[in-house]
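Chains as they are written, first to last, in our numbering: chain A, 715 to 826; chain B, 43 to 150.
Watch out, some of these pointers could steer you wrong.
Unchecked claim - Dumping the calculated EDC-like pairs for lysine to aspartate or glutamate here, alpha-carbon to alpha-carbon at most 16 Å:
hint : chain 1 : residue 1 : chain 2 : residue 2
1    : B       : Lys-137   : A       : Glu-767
2    : A       : Lys-727   : A       : Asp-814
3    : B       : Lys-96    : A       : Glu-756
4    : B       : Lys-137   : A       : Glu-756
The hints are simulated quantities; they were obtained by calculation from the structure and are not laboratory data.
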Amino acid sequence: NSKVIQTPRYLVKGQGQKAKMRCIPEKGHPVVFWYQQNKNNEFKFLINFQNQEVLQQIDMTEKRFSAECPSNSPCSLEIQSSEAGDSALYLCASSPGVSDYTFGSGTRLLVI
Amino acid sequence: GQQVQQSPASLVLQEGENAELQCNFSSTATRLQWFYQRPGGSLVSLLYNPSGTKHTGRLTSTTVTKERRSSLHISSSQTTDSGTYFCAISNMGYKLTFGTGTSLLVDP
Numbered sequence: 715n716s717k718v719i720q721t722p723r724y725l726v727k728g729q730g731q732k733a734k735m736r737c738i739p740e741k742g743h744p745v746v747f748w749y750q751q752n753k754n755n756e757f758k759f760l761i762n763f764q765n766q767e768v769l770q771q772i773d774m775t776e777k778r779f780s781a782e783c784p785s786n787s788p789c790s791l792e793i794q795s796s797e798a799g800d801s802a803l804y805l806c807a808s809s810p811g812v813s814d815y816t817f818g819s820g821t822r823l824l825v826i
Numbered sequence: 043g044q045q046v047q048q049s050p051a052s053l054v055l056q057e058g059e060n061a062e063l064q065c066n067f068s069s070t071a072t073r074l075q076w077f078y079q080r081p082g083g084s085l086v087s088l089l090y091n092p093s094g095t096k097h098t099g100r101l102t103s104t105t106v107t108k109e110r111r112s113s114l115h116i117s118s119s120q121t122t123d124s125g126t127y128f129c130a131i132s133n134m135g136y137k138l139t140f141g142t143g144t145s146l147l148v149d150p
């Protein structure tokens, strides 16, 4: 069982609706990532945090996606206005910083 | 940016046969990790191996950093090994770049 907990497991939204997913990183891991995996098994990096501060994010993330990692609360990724192309598996991962990464089970988003 | 190529793209084996998966990357990697994923499943970490040789169970990974390549050897494959195997690297920064994946099917 993964030590990174993601909820919900599945999410179905209509186009234009908000979609929000959560992630509890592994205890003691200050670095948290969000990736998007499409049906072609391509991974797209979205954003990462270190101790609640954003380290890197891509343009897409800045425009329609918002993410935060508050202390003592789950991290979250929210899509403000879902599009069909956002349908994918959203993976959260955490790392102690200088070694390996642990991934959660993912949230599978379907935008209809 | 970094590029990670995996080969073969797909592999079909009979149960009991060995598998050799390759990962080649375009630039220096300070981190390298092998992952496994069943269709519709989560990404499971298999081995973290930025250099040298690491073993766990029936899995052996060898990474030659200077040559920018890594391999994953699966011995005595089982039907439950079927799925997609990904190699992922990063260099200095935290962001991982994933390979294209190798789809493995082990027939009984």
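Going down the list of hints, with the structure as the test:
Restraint check: the Cα-Cα separation between Lys-137 (chain B) and Glu-767 (chain A) comes to about 15 Å, which is no more than 16 Å; the hinted pair holds. A C-alpha spacing of about 33 Å is found between Lys-727 (chain A) and Asp-814 (chain A), which places the hinted pair above 16 Å, so the restraint is violated. At roughly 26 Å between alpha-carbon atoms, Lys-96 (chain B) and Glu-756 (chain A) are farther apart than 16 Å, so this suggested pair is violated. Taking the CA atoms of Lys-137 (chain B) and Glu-756 (chain A), the gap is about 15 Å. The hint holds against a cut of 16 Å.
Hint violations for this structure: numbers 2, 3, all remaining hints satisfied.
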